[in-house]
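Q: Given chain A's structure and the hints, the job is docking chain B with the ligands onto it.
As they're listed, the protein sequences go chains A and B. Per the working numbering, the first sequence runs over residues 1 to 418. Per the working numbering, the second sequence runs over residues 1 to 496.
Hints listed in this document are in silico derivations from the structure and should not be mistaken for laboratory results. From the three backbone atoms N, C-alpha and C, an ideal C-beta is built for every residue, glycine too. The reader is advised that the hints may include incorrect statements.
[As the list claims (entries may be wrong)] Derived coverage of chain A by chain B (criterion: at least 3 residues anywhere in the stretch with Cβ under 8 Å from a Cβ of chain B; other residues may be distant):
1) 83-91
2) 149-159
3) 264-278
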Amino acid sequence: MQAYDIAVIGGGPAGMAAALAAWGQGIKRIIILERNNTLGGILNQCIHPGFGLQYFNKDLTGPEYAGEFMRRLNEAGIEYKVSTTVLNISADKVVTAVNSNDGLLHIEAKSIILAMGCRERAAGGIAMAGTRPAGVITAGTAQKMINLQGKHIGNRIVVLGSGDIGLIMARRLSLEGKEVLAVLEQYPYANGLSRNVVQCLEDYNIPLLLSHTVTEVIGQGRVSAVKIARVDQDLKPIAGSESIIECDTLLLSVGLIPENELSKKAKVALDQKTGGPLVNQDMQTDVEGIFACGNVVQVHDIVDFVTLEAEKAGQAAAAYIKEGIKSAHTFVVTAGDNVRFVVPQRLSASAEAGFFLRSAAALDEATIVVSCCGRELVSVKRAAVKPSEMESICLKKELLTDLPLNSEILVEIKGRCC
Amino acid sequence: MYDIVIIGAGVVGGFVARQLSRYRLKIALIEKHDDVCFETSRANSAIIHAGYNGHPGSIKAVLTKAANEDFHNVCAQLDVEFERLGALIIAVDDEGKQKILEKYAKGQQNGIKGLELLTGKQALAMEPNLNPRVIYAMYSPTVGVVNPWEFGLAACENAVDNGVELHLSTKVLDLKRQADGYYAVKTNKGEFIAKYVINCAGIYSDEINNLVAKPFFRIAPRRGEYFVLDKEARSFVNHVVFEARADDDVKGVIIIPTVHGNVLVGPSTQDDIDKDDVKTTAEHLQAVKRVAAQSMVNIPFDLTIRTFAGIRPRPQMGKLNQKTGEWEYGEDKVKDFILGEPEGVENFINCAGIKSPGLTCANEIGKYILHIIEEKEGANLIPNPDFSPCRRPLTRFSKRTDEEKASLIKENPAFGNVVCRCGEITEAEIVDVIQRNCGARSLDGVKRRAGTSLGRCQGGFCTPLVVEILERELKRGPEQITKDEAGSNIVTDTLL
Ligand SMILES: Cc1cc2nc3c(=O)[nH]c(=O)nc-3n(C[C@H](O)[C@H](O)[C@H](O)COP(=O)(O)OP(=O)(O)OC[C@H]3O[C@@H](n4cnc5c(N)ncnc54)[C@H](O)[C@@H]3O)c2cc1C
Ligand SMILES: Cc1cc2nc3c(=O)[nH]c(=O)nc-3n(C[C@H](O)[C@H](O)[C@H](O)COP(=O)(O)OP(=O)(O)OC[C@H]3O[C@@H](n4cnc5c(N)ncnc54)[C@H](O)[C@@H]3O)c2cc1C
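If we strip away everything but chain A, and leave its shape as in the complex, we get (with noise of 0.2 Å):
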C-alpha cells in the first residue's frame, strides 16, 4: 500500500489543473493516474484550434492546451504514472490500479479527486434498424484514429447529430479531401456551438438538415447508404418523407455521458440529469474527501471551465487535508422551469456558487433565476439561451449565510419561447 494526500483519477485537463492547485495550496505528496500512454486526455486528438480564448486569452490547439499544463506539472515536479488503469475506488479511499511495470497497485488517499471525463454514447442508444456493417463509428473515435493513428475512416460521410465533436469532424474529413455529405439532427437546432455550425458546416457548404434522423442502415459488409427521414415534433420519423443518401460511413455524434463507473464503486451519489456526481460549490461528493470536476461532472462545451472548475476542487481537496473543512451539502439546488441541470447541485454556506446550467429548449428574452422560498436572490437577463449553450450565474456568499438550513433553492429560466 502507497500512501498519498491526493490521488487523482484521470490526465486529462481537469485532473492536471487540479493536482496543480491542490500542489499551489501546499499540498505535495499528490499522484494522477491516467490510462492512456500519455497525460492530456481527450486533448490530445483535437488537433483544431479554439481552446485557451478564456483562460489563456490565446487561442491555441488541444495539444497545446494540454502541453502547457503537462509543462507546469513537470516543472512541479507532481508525480503521475500514465498507462495505468484504475480498477476500482473503496469508499474508504483506496484506489486499485494497474499497468505493466508497477503490476497491481494499491494507494491510499486522504482525498480523491474524480476527472474521469466522458465516453461517447453509442449507436444502439438511439435503436436504428438495418444491417449492422463496418463502417458505423462514433465522431470521437474516428477522431482518434484519425489524429492519432493516422487511419481514415471512410470516403463519403454522413453525420447524424450535430453535436460539437461531430462539427469538427465533418471540418476534418472535408480538410483531408473526405466527401462529408450531410449533417443530420433530430431536433429542429443544431446541438453544437454556433461558431462551429458557422466555422465547421458553412464554411464547408456541408448541409445540415434539422429535424432529421437515420432510419435504417444498409450493407453487407460495409455501409453502402443510410435511410433517412424528416421527425415530426415528437421526434417520431414521418412516414413518406424518407430517402436514401449512398455513403461508405456513418458517423455518430449523438452525444457524450460522463464515465461515472468507479465513482458508483466509490458509493459517490449521482445526478440522474447530468450523469455526474452531486456536488457543491467546492465540486465536494456526497462522500466526504472525494471531489469531481471536468466532464467526470457534466459535459462542458469549453476546456476553459473544465480548468476553472479543476483549480476549485483542487483546492477545495488541499483546504481539506490541510484544516480538515468538511464542505457541507447544506442546500439542495432544483433545476425549475426551462433548465436540463444544474451543478452544483448541493450548497454549503461557506462560499459564494458560480451555477453552470444548461436550458431545455430555446427561448428568447431570457432571464435566469435564482430563488430560494419563493424570495428571488439573483437574475441575469440573456437576449437567448439555448441548450447547446451553456449558461451561468453567481449567488454571493452573503446571500446564503441567512438562509434557513437545508431549505431548496430553485435555479429556473423565464423566456419567450422561439
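A: Coordinates of chain B with the ligands only, in the frame set by chain A:
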C-alpha cells in the same frame, strides 16, 4: 482422403466434430464464412431449455432433457459461461393458463424435474416487475443462460485441439456420390473426398440435403429481432421470463438476463424473408416492445445498447403429391430435429432443421451422430489417444482476485494493459484469443472470444486499440483488418 467431412461450423457442426474427435479419424470441418458460428449460432436467445416443450417421445424431447442435466459439465470442460437462473412462464389470461397446464403436463411426461405451478401472487413475489395482471405461472428452475457464441466456438476450438481440420472461407458448392461409394465434396477451395458427409448447414441444410437426397423437407426461415439492454437493466429481472404463448413457434417475446449481465428482449417473428437477411426493422422492434409489455411492465428500453436479428431454421416436412409429382410442404406436428441418413442415401447424415432448442441440444446431437458412426464402423474405430474433452481455459482477468491479478501481470506484463474499459479486458487476453486454435481473425472475432466491445461503449474506446493488436498479431496492414466478413474493412486508407 477424409473419413468424415462436416459441412457447417455452427454450434451443431462444432459439437459433432468434438464428439467424433474421440476417435482417430481424419475429419474436415468446412465453413463458408471467415469464422465459425457466424449464422444462427451467434444470434439467438441463449437459453438452455429444460425440456417441457418437446413432443413427448420425440428425439428433441429426449435430447433436451439429457442436455440440460449435463450442461454444467460440458461448460466446465469447455470453460464457457453458463448460469442456471431458472425461468418463469407466466399467463395473464385463461388461454395462457391453459398453455401453462399443457406445458406442465408435457414436462411431467418428459420427466423434467422441479417444475412448479404458481399463483400470480407467488410469481410476482419472485419477479416484482411482472405484469401485475399475471394470474398463473410455472417455475422451471433448471432453465439456464449460456454465452451462445462462446459455447459454439469452444466446441470448434476443442475439436481442432483434438486434431479436426478446420477449413474456413470454404463453401460447399456440390456433392456427389462416386462409384466407390465415397463422396466428392466440391468447394471453392478444391475437392474433399470422404467416406461420410454430415450435413450441419443450418438454414441451408435443405439445399445440401437436396444435392444427394430427395427434397423431403425444406427450411422456411423465420427472423427474430432483439434489443440488448445495458447492464444497468439487469436488476430489473431475475429469471428468464416467458409469456405462456412464447415458445419457439408462437408469437411471444422472452425477457432474458444474459451471462454478461445485460438483458435481451425478443425475438419478434417474421416469415417470408431471405435466408441471409438479418437486418432489424423499426416495425418489428416496435412489436417486440408491445408484446414484451404483456409480460413485464416498464422495461427500461431507454437503456438499449444495440439491436440484432437471427434466423430460425424452421423445417417443413414434405410429401410427394403423386398426382402432380411435386413436393408439398407443411408444418409437422411432432416438430422434431431431422437427424440421420435420409431414406436410401448411405453415409450421408443430416443434422437438419435444428431450430430451438438446438443450442441446448448441440452436444447431445454430437453424441447422437457419434452413435450412428459407432454403429456403422464398429471395431474399425480406434480411440484418439490425444483426445481431451477440455479446452485450455481462458484467463478472465476481471474475475480474478487482486493477488491473482498481481501475479498474472508479473508473469505477463500485457495483463497490465487494460484495453476494453467496460469489460476490463487486457491485451494479454486479446492476444491469447488471436493465437489459439480456431482463433480470432477480425474485430468481431475478438469480441466474441474475449468479450471486448460488448459493454455500454460498444467498442468506442477499444476499437482503435484492438485494430492495432490485430495488425501486429496477424502481420496485416490496417486496411486488411475487418469487422467480420470479407469487405467489412474498418480503415479505408492511411494518412502516411
Ligand atoms: C472532439 C472534441 C472537441 C472539443 N473541442 C473543444 C474546443 O474547440 N474548445 C474547447 O475549449 N473545448 C473543446 N472540447 C472540450 C474539452 O476538450 C473537454 O471539455 C475537456 O477535455 C474535458 O476535460 P476532462 O479532463 O474532464 O476530460 P478528458 O479530457 O476526457 O480526460 C479524462 C482522462 O481520464 C482518463 N481516465 C478515465 N478513466 C480512467 C481510469 N479508470 N483510470 C485512469 N484514467 C482514466 C482518460 O483516459 C482521460 O485521459 C472538445 C472536446 C471534444 C471531445
Ligand atoms: C431467434 C432464435 C432464437 C433461438 N433461441 C434459442 C434458445 O434460446 N435456446 C436454444 O437452445 N436454441 C435457440 N435457437 C436455436 C439455435 O440457435 C439453433 O438451433 C442453432 O444455432 C443451430 O445451429 P446450427 O449449427 O445447426 O446452424 P448454424 O449456426 O446456422 O450453422 C450452420 C453453418 O453452416 C454453414 N454453411 C451453410 N451452408 C454452407 C455451405 N454450402 N458450405 C459451407 N458452410 C455452409 C453456415 O455458414 C453456418 O455457419 C434460436 C434460434 C433463433 C434463430
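Q: Examine the stretch 83-91 of chain A: at least three residues should have C-beta closer than 8 Å to a C-beta of chain B.
A: Holds: 3 residues of the stretch 83-91 of chain A have a Cβ under 8 Å from chain B.
Q: How does the stretch 149-159 of chain A fare against chain B when you require at least three residues with a CB closer than 8 Å, holds or violated?
A: holds (count 7)
Q: Confirm or reject the coverage of the stretch 264-278 of chain A by chain B under the rule of 3 or more residues with a beta carbon closer than 8 Å to the chain's beta carbons.
A: violated (count 0)
Of the numbered hints listed earlier, the single one contradicted by the structure is hint 3.
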